[in-house]
Amino acid sequence: MGAAREKGPVARVAALLCAAGEDPQLFLDALAGLWGAPGLVGAPIQFGFTDFYENEMGPDLVRRFVLFRDPAPADGLRDWKIEANALEGRFASGGRRRLNADPGYLDPGAVVVASVKDAASRVYLGKGIYAQPMLRFEAGSFRAWPWTYPDYASPEAIRFFNAARAACRDMFRQPVRGR
Numbered sequence: 001m002g003a004a005r006e007k008g009p010v011a012r013v014a015a016l017l018c019a020a021g022e023d024p025q026l027f028l029d030a031l032a033g034l035w036g037a038p039g040l041v042g043a044p045i046q047f048g049f050t051d052f053y054e055n056e057m058g059p060d061l062v063r064r065f066v067l068f069r070d071p072a073p074a075d076g077l078r079d080w081k082i083e084a085n086a087l088e089g090r091f092a093s094g095g096r097r098r099l100n101a102d103p104g105y106l107d108p109g110a111v112v113v114a115s116v117k118d119a120a121s122r123v124y125l126g127k128g129i130y131a132q133p134m135l136r137f138e139a140g141s142f143r144a145w146p147w148t149y150p151d152y153a154s155p156e157a158i159r160f161f162n163a164a165r166a167a168c169r170d171m172f173r174q175p176v177r178g179r
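Those letters in the sequence shown? Residues 1 to 179, by our numbering.
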């Protein structure tokens with residue numbers, strides 16, 4: 001019989017989506033208040049992958065991926081999504097979101113993202129939150145799954161997550177403190 005072991009520390013990440021006219025620093029500062037300082041912020045990526053958010057958030061959306069400095073326990077993922085949803089609500093204006101923040105984590109072998117939407121490739125975490133394996137590390141680089149969102153599968157995202165993984169090598173060897 002196998003013995004259950006706690007998962008080692010993970011690197012908290014987030015995918016931010018906001019309208020081109022919004023100041024992303026405002027949202028980054030709010031997230032830093034929740035999860036600590038960012039260690040790496042990706043370059044802005046024009047979000048032309050889908051029009052799913054356009055009715056609510058408007059056109060010309062910009063995606064940014066963020067790596068946070070402090071290691072965290074992976075079992076906090078559900079709570080991070082609940083916090084991110086509350087933050088989205090706090091910044092909403094006229095019933096419309098100005099920010100979409102999808103938290104997740106990076107470990108040596110994967111990028112996992114939280115979602116409120118169910119799908120065959122997602123695992124239920126409780127309180128209406130699901131975990132979605134988005135990327136896997138294989139043959140020296142992150143790679144997409146068949147269900148990976150196109151923005152996460154983009155060359156810009158793969159470069160970001162490869163750089164984030166390299167920046168976190170020492171983090172994965174540290175004990176996790178707090179949540």
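One thing to keep in mind: the hints can contain errors.
To be verified - Pair ranges (Cβ atoms, derived):
| # | residue 1 | residue 2 | range |
| --- | --- | --- | --- |
| 1 | Gly58 | Glu6 | 22 to 30 Å |
| 2 | Val41 | Asp79 | 17 to 25 Å |
| 3 | Ala3 | Asp79 | 22 to 30 Å |
| 4 | Asn55 | Ala119 | 20 to 28 Å |
Since the hints were made in silico from the structure, they are not lab data.
Note that CB positions come from ideal geometry on N, CA and C, so glycine has one too.
Hints, verified against the model:
1. The given range of 22 to 30 Å is broken by Gly58 and Glu6, whose C-beta atoms sit roughly 43 Å from each other.
2. The beta-carbon spacing between Val41 and Asp79, approximately 23 Å, falls within the hinted interval of 17 to 25 Å.
3. Our hint of 22 to 30 Å for Ala3 and Asp79 holds, since their Cβ atoms are close to 26 Å apart.
4. Between Asn55 and Ala119 the C-beta distance comes to about 21 Å, which sits within the given range of 20 to 28 Å.
Consistency note: the structure conflicts with earlier hint 1 alone.
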